Amino acid sequence: MTKKIAVASGKGGTGKTTISVNLSHFFNLRFPQKTILVDCDVEEPNDHLFFPKALEESSEEIFQQVASINTDACVYCRDCVEYCEYHAITVIPPVKYAKIDPELCHSCGACFVACQHQAIDEIPNSLGHYKQQITKEGIRLAQGQLRIGSPMQTTLIKEIKKRIDSKAEIIVYDAPPGTSCPVVETIADAHFIVLVTEPTPFGLHDLKLTIELVRELKIPFSVIINKAGLGFEKMHDYLQQENIDILGEIPFSKEYASHYSQGEILSHISEDISKTYQEIIDQILIKLAI
Amino acid sequence: MKEITILSGKGGTGKTSITAALASLAQNAVFCDSDVDAADLHLILQPQIEYQEVFEGAYIAKIHEENCTNCGICEEHCHFDAIHQDTRGQYFINPFQCEGCRLCERVCPTQTITSTRSTHNFWYISNTRFGKMVHAKMGAGEENSGKLVTQVRNKAKEIAKAQKADFILNDGPPGIGCPVISSLSGTQQVLLVIEPTKSGLHDIQRLIALIRDFNIPMMSIINKYDINMDMSLKVEDYLNKEKIPLIERIPFDTRFVKAMIEEKSVVEYDPNSEISQKIKHIWEALTENFKKIQ
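Protein chains in written order, with the working numbering: chain A, 439 to 728; chain B, 1189 to 1482.
Don't read these hints as lab results, they were simulated from the structure.
Certain hints may be false.
What the hints assert, rightly or not - Looking from chain A toward chain B, a few residues come up when the C-beta cut is under 8 Å (computed):
(1) Thr452
(2) Pro639
(3) Leu655
(4) Leu668
Here the structure is a predicted model, which is why all the values come from computation and not from measurement.
Glycine included, every Cβ here is placed at the ideal spot set by N, Cα and C.
With the hints as constraints, model all of the structure from the sequences given.
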């Protein structure tokens, strides 16, 4: 059965992408050709930057069917306006104006039910792009890229997940930052969650918020401390007190940051880092009982 | 009164540390944390809350089993696949999948579905050692963060007007999606905090394209500029081409973390350091720029 592992963090810039790319790399060594990395940070997808030689397998624009008013049939009764919880519909009867804002429409279907005059149609509205690549190591990389200006990141994540090959052994979801709906959409179907944090007051604060969410979703999780050694002790105290497993710690290194900045993280894996990731993978596999 | 919004596209580039540092220099300003998903500015500004209010979030529907006939009409109508049957065949709604459209409530023939708005979000007006601050705390997994951002910004504007403040400093969220759109509309100036990495450059390009749609003037700084000089130069070339003024280059400096641990801004932590001087220069450049516009 496919095992899905989500990498999340709350705070941005803690190293979700670095860890997701590395985990996929090391999972792929164990499950060659059967590991998929899905970049769910559709607002700012970055995973592809670390696989510059990946070959494109497929690409498509993704549309959402949004509601639209056919003014030939509309009687300007405003029933649809009453039903729309997203304030996407404007109808001004005296001037016979009726329009649905495609950026606000959630495609819930309420206006179709409200309208007694068959005056509502569906039209496609672009959410962004889906792209699937194969890296030279054999990792399948799937990503969504939100159309600039679209506020529908959560819907796009849902659409991307529908396109993922279900025959894979391991799927790694790289989550967006934050703790709201796009994060929930990313992690809700995961079997295990890796929370990436950095040992700073901001890192700890946002980690706590994310743990609150993950506990509500009742998904097992552990923590990776990235940029370890920045000098904030309360992180360990908290994790110990809460009985949360630390899968591994990746020390802060300015040299590593420099490699990262150029998109070179897989070509510069030191023996220590490699060992840490191997151990992390072992622990995750035990937790997933593979 | 001018509102300056601090954005970055990529997370973790230093938006909040920079905002806090600018806050410690600003006279007669109101501060606003628009990153309601993972708000951190309060960890440095240490606000004393003087007023708080619940922000009603999206509706969440619930099926009351007593009158439910399990006819399945709600499930047929739900476009979000949020309605499921348990092992007894009883329908139920997964609150995390429900998007609050209330269609199930309207089509239910036995009126057994009700919707309530979540009450897990709060917004606050607080006092800080630098001035008033408006901020929020979102419940885990909540929707509508964009609307909460709008609420926080509107409050900050009200307060700034009432106290005739010169500035609002608005710490923005990462990304380019709905909370960012909500933190941008109507702002007078964007300050971009850019990290010189491939990801940082990729993400700022998407953010700049979004800000261009809103026609808002931008200024920029490169943070941690010395982690990779080649990438920093690439960022500078790009900014040049886009005609976005680069007002400062800030080196990687562990003082930012040390200051954070002491709940101070980096300017308070070490006022005479090179980075504090650079932050002062950023603030001068921002304020000078507004004088020019007027």
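A quick look at each hint next to the structure:
no. : hint   : in the structure
1   : Thr452 : holds (6 Å)
2   : Pro639 : holds (5 Å)
3   : Leu655 : holds (7 Å)
4   : Leu668 : holds (5 Å)
Every hint from the earlier list agrees with this structure, and none is contradicted.
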